[in-house]
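So the protein lines, in turn, are chains L and C.
So for the first sequence, our numbering puts the first residue at 1; every next one is plus one.
So for the second sequence, our numbering puts the first residue at 1; every next one is plus one.
None of these hints come from the bench; they were simulated from the model.
In this text, all values refer to a predicted model and were calculated from it rather than measured experimentally.
A virtual CB, placed ideally from N, CA and C, is assigned to each residue, including glycine.
Careful, some of the hints might be misleading.
[Claimed, not checked] Per label pair, the in silico range of CB-to-CB distance: (1) L/Asn109 x C/Ser184: 44 to 54 Å; (2) C/Asp301 x L/Asn54: 46 to 56 Å; (3) L/Asn54 x C/Asn86: 34 to 44 Å; (4) C/Glu168 x L/Leu227: 30 to 40 Å; (5) C/Asn125 x L/Trp33: 32 to 42 Å; (6) C/Glu168 x L/Ile205: 29 to 39 Å; (7) L/Pro204 x C/Thr218: 31 to 41 Å; (8) L/Pro219 x C/Asn86: 44 to 54 Å; (9) C/Asn145 x L/Glu70: 23 to 33 Å; (10) C/Pro233 x L/Asn66: 31 to 41 Å; (11) L/Leu227 x C/Lys315: 14 to 24 Å; (12) L/Glu83 x C/Ala185: 48 to 58 Å; (13) C/Lys292 x L/Ile205: 38 to 48 Å; (14) C/Lys292 x L/Trp33: 23 to 33 Å.
[Unchecked claim] Derived coverage of chain C by chain L (criterion: at least 3 residues anywhere in the stretch with Cβ under 8 Å from a Cβ of chain L; other residues may be distant): (15) 69-82; (16) 109-120; (17) 174-186; (18) 210-219; (19) 257-269; (20) 292-304.
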Amino acid sequence: MKILVCISKTPDTTAKIAFADNNTKFAAEGVQWIINPYDEWYALVRAIELKEANPAVVLHLINVGNADNEPIIRKALALGGDEAIRINSEISDSFNVAAQIAAIAKEGNYDLVFTGKETIDYNGSSIGGMIAELLDLPFISHAVTFDIEGNNATVTREIEGGEEVDKATLPLVVSCQKGMAEQRIPNMKGIMGARTKPLKVMEPIAADILTSIASFDLPPVKAGVKLVSAENPEELVRLLHEEAKAF
Amino acid sequence: MVLVFIDQSEGHIKKSSFEAACYAATVAAQLGTSAEAVLLGVTSDNLSSLGNYGVKKVHTIANETLTNFDAQLYTKAIAQVVETTNADVIVFSNNTTGKAVAPRLSAKLKAGLVTGAIALPDTSNGFTVKKTVFSGKAFANININTPKKIIALNPNSFNVSITTDTAEVVPFNTSVDASKIVVSAINKVTGEVSLSEADIVVSGGRGLKGPENWGLVTELATLLGAATACSRPVADIHWRPHHEHVGQTGLAIAPNLYIAIGISGAIQHLAGVNRSKIIVVINKDPEAPFFKAADYGIVGDAFEVMPKIIEAVRKIKATA
Ligand SMILES: Cc1cc2nc3c(=O)[nH]c(=O)nc-3n(C[C@H](O)[C@H](O)[C@H](O)COP(=O)(O)OP(=O)(O)OC[C@H]3O[C@@H](n4cnc5c(N)ncnc54)[C@H](O)[C@@H]3O)c2cc1C
Ligand SMILES: Nc1ncnc2c1ncn2[C@@H]1O[C@H](COP(=O)(O)O)[C@@H](O)[C@H]1O
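Generate the whole structure from the sequences, applying the supplied hints.
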């Protein structure tokens, strides 16, 4: 079985969100970059577990981005995986990124493509579905568990107000979220080993760009909190009912 | 024409679809055209009443296979309706179905997609849609540069208004392939309000000390018809189920009212709840960062304050 895990790079969850160049670009100075948590904690770790359970599994990572992404890719390789592919592209349109990944997935005959449920910066939650469509494969999104026996996968996915258990045969595209696996910390052996794992750089294919970012805005600042004394909580309820008309 | 996808679960239309329908009707009016709807699978709901939400026609493919969700089959079916009706804007609710189908349809039709939209498109110069980014900490205005356009609207971001109009229900004839996905179980938390669609959410954090104290949260939620939520550590230590975890790595919600009890308000928590219209914080630490994001608050011990709040709400509900 061949698994491809899609890895993206995002600002650290505590990074200050500010914009530059007339609010057209994310102000990246001084920002710490991490592997998108859904990709690292869930998609990648679950794929590593599948490989641990079955050493015949071939596990490749893929990232679409420029050379600045390599430290993140090495960090992912330190957790596990046999090799990584970086598609050398700056383009951030979801469709274009998905087209790059789909081309590799097709070429490499992967049985399983894992993505995170979304990136925590642009919150697209689009790329997994797009890859599946480009490959004409079933897509199970928001997976919270993934198990496999031979070619038969059992996947639990989140639905509004609960969960659904799906069965499907490989090949398959799955987007992963909390529940799939537990976060791991890379150990020294992994970090040393990652240095010598192959990281192939490939040039992007020509693909459409369907959208572009015009500008960013920050939310308006709140007016400030209205505090009610702990001696009189009933007053809070009155304010919510009569002033805010919240219930 | 603007086509809105109406989502059903086990035969019933989801609440977020009514909101998407109103949004689609308003986009249609803005573009000088009309809105129509597409519904897949077998439902028992009265579909002509979708006209109340502004759609003129409902195209239905009442095929049993489509009653269960399969993103691949749904995409094929919707794409056929788009082609036949020549829709140029397609609207989804950005719920778990929309998140799986809208991107597929985007790739299939080469139609630019904006997920997580929170406002009507700006059509003064091209077609620009505002969406949340950085988990609600900012917004991006995205240009869709293709003739066909897809918008997935975040739940609770558009006002639903109702008329007495009805819609014409027209069966759409097409063959449906066998599904490659077998749904073997649907486990819904019954009797509870769905968190992503709830108007009011009552949420608890580590300040509540243990699962045995959650009555303070659930009792208030029941009185208010609210959904319950929690901070990440609370789900991690299994005081509450994982699906209640809100925040940057959990669910992002935007209810009318969010009541946070014993939650510090870490930046990752705020990322999932800061689009709530009114935020109420109950925390014994006046320095808790949550107060900076709150509209109303009490600095006090939840164990003393909450019973009084519950009583006061009960009184109002009893006289209402
Ligand atoms: C990458 C990353 C992603 C994360 N994602 C999320 C996420 O999605 N969601 C999330 O919630 N967190 C997330 N976190 C964790 C987050 O940083 C905080 O640790 C977490 O939100 C804290 O939860 P808490 O407020 O319940 O607990 P604490 O921080 O322990 O706060 C408890 C609060 O309760 C108050 N309190 C104590 N006793 C009482 C009392 N008797 N009455 C009233 N108040 C009381 C205290 O003053 C305190 O403010 C993430 C962290 C990281 C690093
Ligand atoms: N540039 C990228 N390179 C590789 N994978 C990506 C990239 N961007 C997004 N992904 C994958 O697609 C998932 C969903 O991303 P998005 O649709 O942008 O929210 C992420 O969790 C990643 O697994």
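- Task: Could you see if the CB distance from C/Asn145 to L/Glu70 stays within 23 to 33 Å?
- Result: 31 Å, holds
- Query: Is the hinted range of 31 to 41 Å satisfied by the C-beta distance from C/Pro233 to L/Asn66?
  - Reply: 36 Å, holds
- Message: Between the region 174-186 of chain C and chain L, are there enough contacts, at least three residues with CB-CB distance under 8 Å, for the coverage claim to hold?
- Response: With 7 residues in contact (Cβ-Cβ under 8 Å with chain L), the coverage given for the region 174-186 of chain C holds.
- Are there at least three residues in the region 257-269 of chain C whose beta carbon sits under 8 Å from a beta carbon of chain L? With 3 residues closer than 8 Å to chain L, the region 257-269 of chain C meets the three-residue bar; holds.
- Look at the Cβ atoms of C/Asp301 and L/Asn54 and judge whether their distance stays inside 46 to 56 Å. 52 Å, holds
- Message: Please verify the coverage claim for the region 292-304 of chain C: does it have three or more residues whose C-beta sits within 8 Å of some C-beta in chain L?
- Response: Satisfied; 11 residues make the cut.
- Message: I want to verify a distance hint. Is the separation of the beta carbons of C/Lys292 and L/Trp33 within 23 to 33 Å?
- Response: 26 Å, holds
- Query: Are 3 or more residues of the region 210-219 of chain C near chain L, judged by a Cβ distance of less than 8 Å?
  - Reply: Since three or more residues must qualify, the claim that chain L covers the region 210-219 of chain C is violated, with 0 doing so at under 8 Å.
- Query: Quick one: are L/Asn54 and C/Asn86 within 34 to 44 Å, going by C-beta?
  - Reply: 49 Å, violated
- Item | Distance restraint hint 44 to 54 Å, applied to the beta-carbon atoms of L/Asn109 and C/Ser184 | With a Cβ separation near 28 Å, L/Asn109 and C/Ser184 fall outside 44 to 54 Å, so the hint is violated.
- Against chain L, does the region 69-82 of chain C show at least 3 residues with beta-carbon separation below 8 Å? Held - the region 69-82 of chain C has 5 residues with a Cβ nearer than 8 Å to chain L, which meets the minimum of three.
- In this structure, is the beta-carbon distance linking L/Glu83 and C/Ala185 contained in 48 to 58 Å? 37 Å, violated
The structure fails to meet hints 1, 3, 4, 6, 7, 8, 12, 18 from the earlier list, while all remaining hints are met.
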